[in-house]
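Protein chains: 2
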Amino acid sequence: MAVSRERRVPAWAQIADAVRAQISAGELAPEDRLPTEAELMARHDVARSTVRQALTALVNEGLIVPRAPRGYFVRNRKPLFYRPQQEFRAQPAYPEMDRFMADHSAEGREPKQEIEVAIVDPPADVRKRLNLAEGELAAVRRRIRYLDGEPYNTNDSYFPLAVVQGSEIMNPADIARGANEVLRELGYPQTRTLDEIYIRMPDPNEIKRLELGPGTPVACHICTGLCDDGTPIRVVVNILPGDRHVIVYERDGMELRK
Amino acid sequence: MAVSRERRVPAWAQIADAVRAQISAGELAPEDRLPTEAELMARHDVARSTVRQALTALVNEGLIVPRAPRGYFVRNRKPLFYRPQQEFRAQPAYPEMDRFMADHSAEGREPKQEIEVAIVDPPADVRKRLNLAEGELAAVRRRIRYLDGEPYNTNDSYFPLAVVQGSEIMNPADIARGANEVLRELGYPQTRTLDEIYIRMPDPNEIKRLELGPGTPVACHICTGLCDDGTPIRVVVNILPGDRHVIVYERDGMELRK
Numbered sequence: 001m002a003v004s005r006e007r008r009v010p011a012w013a014q015i016a017d018a019v020r021a022q023i024s025a026g027e028l029a030p031e032d033r034l035p036t037e038a039e040l041m042a043r044h045d046v047a048r049s050t051v052r053q054a055l056t057a058l059v060n061e062g063l064i065v066p067r068a069p070r071g072y073f074v075r076n077r078k079p080l081f082y083r084p085q086q087e088f089r090a091q092p093a094y095p096e097m098d099r100f101m102a103d104h105s106a107e108g109r110e111p112k113q114e115i116e117v118a119i120v121d122p123p124a125d126v127r128k129r130l131n132l133a134e135g136e137l138a139a140v141r142r143r144i145r146y147l148d149g150e151p152y153n154t155n156d157s158y159f160p161l162a163v164v165q166g167s168e169i170m171n172p173a174d175i176a177r178g179a180n181e182v183l184r185e186l187g188y189p190q191t192r193t194l195d196e197i198y199i200r201m202p203d204p205n206e207i208k209r210l211e212l213g214p215g216t217p218v219a220c221h222i223c224t225g226l227c228d229d230g231t232p233i234r235v236v237v238n239i240l241p242g243d244r245h246v247i248v249y250e251r252d253g254m255e256l257r258k
Numbered sequence: 001m002a003v004s005r006e007r008r009v010p011a012w013a014q015i016a017d018a019v020r021a022q023i024s025a026g027e028l029a030p031e032d033r034l035p036t037e038a039e040l041m042a043r044h045d046v047a048r049s050t051v052r053q054a055l056t057a058l059v060n061e062g063l064i065v066p067r068a069p070r071g072y073f074v075r076n077r078k079p080l081f082y083r084p085q086q087e088f089r090a091q092p093a094y095p096e097m098d099r100f101m102a103d104h105s106a107e108g109r110e111p112k113q114e115i116e117v118a119i120v121d122p123p124a125d126v127r128k129r130l131n132l133a134e135g136e137l138a139a140v141r142r143r144i145r146y147l148d149g150e151p152y153n154t155n156d157s158y159f160p161l162a163v164v165q166g167s168e169i170m171n172p173a174d175i176a177r178g179a180n181e182v183l184r185e186l187g188y189p190q191t192r193t194l195d196e197i198y199i200r201m202p203d204p205n206e207i208k209r210l211e212l213g214p215g216t217p218v219a220c221h222i223c224t225g226l227c228d229d230g231t232p233i234r235v236v237v238n239i240l241p242g243d244r245h246v247i248v249y250e251r252d253g254m255e256l257r258k
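Order-wise, the sequence lines are chains A and B.
Numbering follows the UniProt record's numbering, with no gaps: position 227 of the first sequence is 227.
Numbering follows the UniProt record's numbering, with no gaps: position 255 of the second sequence is 255.
A portion of the hints provided could be inaccurate.
Repeated chains share a single entry, so a pair holds when one copy, or any two copies, can fit it.
[To be verified] In silico DSSO-like links for lysine-lysine, alpha-carbon gap of 30 Å or less: (1) Lys208 - Lys128; (2) Lys112 - Lys208; (3) Lys78 - Lys208.
Derived from the structure by calculation, the hints contain no laboratory data.
Note that this is a predicted model, so its numbers are computed, not measured.
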């Protein structure tokens, strides 16, 4: 198919559209190699620079990845189910969720995590959510989670230092019964959480830490845990690369029946 | 500050880092104009092409916007609270959520929406979630929502055509009591929903429909409404530009107390 020179859409965009349509339709499947630059030049009767512009656009959309010198490949998304509700509810409540997660599960992949603990002057957005006064310090447990050696996400959990000092939370090892249980033992049981999810491009530090390719946005999920009287006791900042996660929630709609 | 020529970080990246730090620290506030290219060239003792590379990187990160011929400005994010739970729960359950939303509200902005209704062969992901056989048609209500004339998000709600044919859902006007209430009247009360949130770059059609600038990823929120026996009766595909939304959820953590 030669590109149409009558239409207002530039040639590179027409080529990108054609490849995108092939990916949407499944004619080009994840991990498939795209036609070479030379093949695309011949097929569309355009210059190499035009083909390159089309390929760059698709890379920046996150649809294909360059793997020199072999060429361009359709990006393979293996999303991890990220279920914030899991924290308090180990099993999905609805059978549909069960089936859905089985369809998409990351089974068979080898998990690993790195944990470090630091005492910090927390970032302004964390300080505000933890209700800390200027100068009050926080403890942070920073985790990078890997699957099959690939970094999947980062989780930074902040706590008021005055509350967790001397507890197991300060130890950079996995807490089998969970940090929430430790907080409960310390007299701060959480009864509710607020989740905020921001969608944005990663900063250079996140690109490096999570080995992100071009065209990969992130979700920044900020989870604030509150005690019954409204005291915020925990703020978790999760950075979730868009090509590796789908965030899922179950909701009750019982109110509709009233 | 002249850029350091010793470090391994290229000059353009150092300049981008410096501007990014000023934005993070609030020294450059939303809607502030950045120094001109000439000022940045003099300040960092580099060529214009280096300054342009730094500015382009920041545009692609979504941190600044070009407004020729006036220069570059710090992007102003006025996020709309997007609360999926609102559908079944008009008011937030927790006082913290109330305060948080009041802090960030889009009050005073003029809402508007455009609705069209179509009968379609639904996309494969919708067909699967609605459990429709090959060839079964769906009705779709497509909405674009505007605030102060700016497109904010799109919401495409799909229903099995066999269920909604002849109902108010086929009428391209606002349904004051809500489509969910119409479904209940038709004998399909929803008792639960599954939310999936995907984070990705927009496609060209979304860029056009939502007037998205560079460096603006979107959340694709797919909401599947189910009846008590598990019948899926409604699939809503919401496209939420990252620079205009924060997605929020309230969660109960009562289970922790057991």
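Results of checking the hints against the structure:
1. Proximity of Lys208 to Lys128 under the C-alpha cut-off of 30 Å is restricted to the intra-copy arrangement: shortest distance 27 Å within a copy versus 37 Å between copies.
2. When the C-alpha separation of Lys112 and Lys208 is checked against a cutoff of 30 Å, the pair qualifies only within one copy, where the shortest distance is 18 Å, while the shortest distance between copies is 41 Å.
3. Proximity of Lys78 and Lys208 under a CA criterion of 30 Å is satisfied in both settings, with 20 Å inside one chain copy and 28 Å between copies.
Hint compliance for this structure: no hint is broken.
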